[in-house]
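**Q** Since chain A is already given, all that's left is putting chain B on it; use the hints.
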Amino acid sequence: MVLLELVNIYKYYGKITALEDINLEVGKGELLTILGPSGSGKSTLLKIIGGFEEPSRGKIYINGKLMNGVPPYARPTSMVFQDLALFPHLNVFNNIAYGLKIKKAPSNEIKKKVREVAELLHIEELLDRRVTQLSGGQQQRVALARSLILEPEILLLDEPLGPLDVKLRKEMQLELRRIQKRLNSTWIYVTHDHEEAMVMSDRVAILNSGRIIDVGVVKEIYEKPKNRFIAEFLGEVNIIECIVDHVEGSAFTASSGDLRIEGLTAGKLEKGDRVNILVRPEKIGITVTPLNDRKNSVSGKVVEIIYKGAYSDVKIETEDSRVFIARTFEPAYRVGERVFLKWDREDAVVIKE
Amino acid sequence: MSLIKLFLKIFTSTVILLLIYLPIALVILFSFNDSIYFIFPFKNFTFKWYERLLEDPLFLKSIINSIIIALAVSAGSLSIGIPASFAFVRLRRNTLYVGFIMIPFIMPWLVIGVSSLVFFHTLGIPLSILTTVLSHIIYSIPLVVLIVAARLISLNPNYEKASMDLGANEVQTFTYVTFPLIYPAISVSALITFLWSFDNFIITFFTIGSEITFPIWVWGSLRHPTNVPVITAASSIVILVGSLIVYLMETYRVKKGIGIYAII
Chain A
1 MVLLELVNIY KYYGKITALE DINLEVGKGE LLTILGPSGS GKSTLLKIIG
51 GFEEPSRGKI YINGKLMNGV PPYARPTSMV FQDLALFPHL NVFNNIAYGL
101 KIKKAPSNEI KKKVREVAEL LHIEELLDRR VTQLSGGQQQ RVALARSLIL
151 EPEILLLDEP LGPLDVKLRK EMQLELRRIQ KRLNSTWIYV THDHEEAMVM
201 SDRVAILNSG RIIDVGVVKE IYEKPKNRFI AEFLGEVNII ECIVDHVEGS
251 AFTASSGDLR IEGLTAGKLE KGDRVNILVR PEKIGITVTP LNDRKNSVSG
301 KVVEIIYKGA YSDVKIETED SRVFIARTFE PAYRVGERVF LKWDREDAVV
351 IKE
Chain B
1 MSLIKLFLKI FTSTVILLLI YLPIALVILF SFNDSIYFIF PFKNFTFKWY
51 ERLLEDPLFL KSIINSIIIA LAVSAGSLSI GIPASFAFVR LRRNTLYVGF
101 IMIPFIMPWL VIGVSSLVFF HTLGIPLSIL TTVLSHIIYS IPLVVLIVAA
151 RLISLNPNYE KASMDLGANE VQTFTYVTFP LIYPAISVSA LITFLWSFDN
201 FIITFFTIGS EITFPIWVWG SLRHPTNVPV ITAASSIVIL VGSLIVYLME
251 TYRVKKGIGI YAII
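Chains as they are written, first to last, in this note's numbering: chain A, 1 to 353; chain B, 1 to 264.
Because the hints were derived from the structure by calculation, they are not lab data. Note that this is a predicted model, so its numbers are computed, not measured. Heads up, none of these hints are tricks.
Computed list of lysine to aspartate or glutamate pairs in DMTMM-like fashion (alpha-carbon distance at most 20 Å, straight line):
#1 A:Lys104 to B:Glu160
#2 A:Lys28 to A:Glu151
#3 B:Lys161 to A:Glu53
#4 A:Lys47 to B:Glu160
#5 A:Lys104 to B:Glu170
Pair ranges (Cβ atoms, derived):
#6 A:Arg115 to B:Leu6: 51 to 57 Å
#7 B:Ile192 to A:Ala105: 36 to 42 Å
#8 A:Gly27 to B:Phe174: 34 to 40 Å
#9 B:Ile28 to A:Glu125: 52 to 58 Å
#10 B:Asn156 to A:Glu241: 47 to 53 Å
#11 B:Ile192 to A:Phe229: 56 to 62 Å
#12 A:Glu195 to B:Phe105: 53 to 59 Å
#13 B:Phe174 to A:Ala105: 18 to 24 Å
#14 A:Val7 to B:Ala87: 33 to 39 Å
#15 B:Ala87 to A:Gly69: 23 to 29 Å
#16 A:Val7 to B:Thr175: 34 to 40 Å
#17 A:Glu125 to B:Asn156: 23 to 29 Å
Using N, Cα and C, we set each Cβ at its ideal position, and we do this for glycine too.
Extracted from the complex, chain A is given alone in its bound form:
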């Protein structure tokens, strides 16, 4: 069931186009991440959904109702701000209870609901504290509680985990996801961190320069990116620009200098087409013994080993000065050593230029 529908949304600030032709549907119970680099317009989009900004053109529907011109307090949305914006003059209890007090809910109901949401977020002990006395993680939970207590149709989160340290951030990501699933509520989560997007979302919408360039299930976008920008934005990737030599059904061969490449494509290719072959570092195997099959394979010298704890990225330079990155869990290589790389044709993504 479609809960939120954005139709042809444009936003201009003077001559600057912040958002361009945004079309997006979000279903009930879904967690959609809006992922994009800074300045891509993702916060603006969130503000438009929340009612803090009006779109220059286009329509917003929530539950089929037109939301253009409806102020934030009359929308069934709630926002967790990037800086949280907890009320500094109120204690934790009154921050969480704020929305219900405004609605003039009876005080015993307020107490009951605050207790419930505080238990959900494990902050029962903090209710009497001033918000300025809380740690970053605790403030996060209070901000979330303050929004969740109103049971909004859509919860909007604007990079709420930004200021936290990595460990706490990863814990909170999982916890937020658990809470969202447990409440079966609809969340729109803005972030610039692709790993966060992958951990948390059902679907992800990738925003660049004010346009949605792809929407879909994270795994599919990561493994079958539509274009170079998406592939590069979602993590390390090796890109080989080459020209198609021969096509046979869905299989094709292509070459780039001395390199011979075999690939599979669902799209239509012709001899002479220029294509980008994208291979993720974790899909590349490394070996020190020379390979018989020269297809989908390169040889070169190790120039750098980047230790990343659980794995290492090995940077290899070929004789014709191409650089490849391969990921390995056993970094048994030395800088300067000659190695051979190989990947399966199923693991390469083909993007036509």
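**A** Showing chain B alone in chain A's frame:
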């Protein structure tokens, strides 16, 4: 470092003692001295200046008038200054008006006094407490704007957005979020405008007509040498009451944990 700190400590305590408290202490001391001259040695201890003071009906009237004027000025300048601060900060228009509202700030009080007099005279408005209130408000508005706007500028706009997001409309948001957060600035400007008006002599002198205020009463009393010690008695009472008010406010401030930084 510690030497500098020590120097600062000694310097501030000396300055505060000598320049601020010593003259005040002398005034209080001489208000109990049985002589019309302010010279040592001290003569006999007496309450007679206080008795003379309380017998003077003009003194009480002047105090009451000054309080009425100061309250009206405080209320008037806040009710103009607060919306003006919002306009300046929220509309974010850097216009000439921002400078213009500060003009009374740089004008000598004497000039404000004289021009007010000319103004009211031209319009045929008889001088009274009301004309004094109006001319005091003129020079109080910039102060309110300066203090309140400074607080508003530093106020995170997301507090208000969050409030609106949680279901509060504009009026509720102002009542429950904006006002409590800028309240320290408002109370400080209320206090300062009150005190300024209470203390003001020059503008009052030109605009009060035949009415009397405390500074005018003091000025008038100075012309009778035998009355001068009565002024010290009056000053002592004003100082005492003022100190009591400051003490109560400071206790409240410390109790509430509001630092000096929160005032502006």
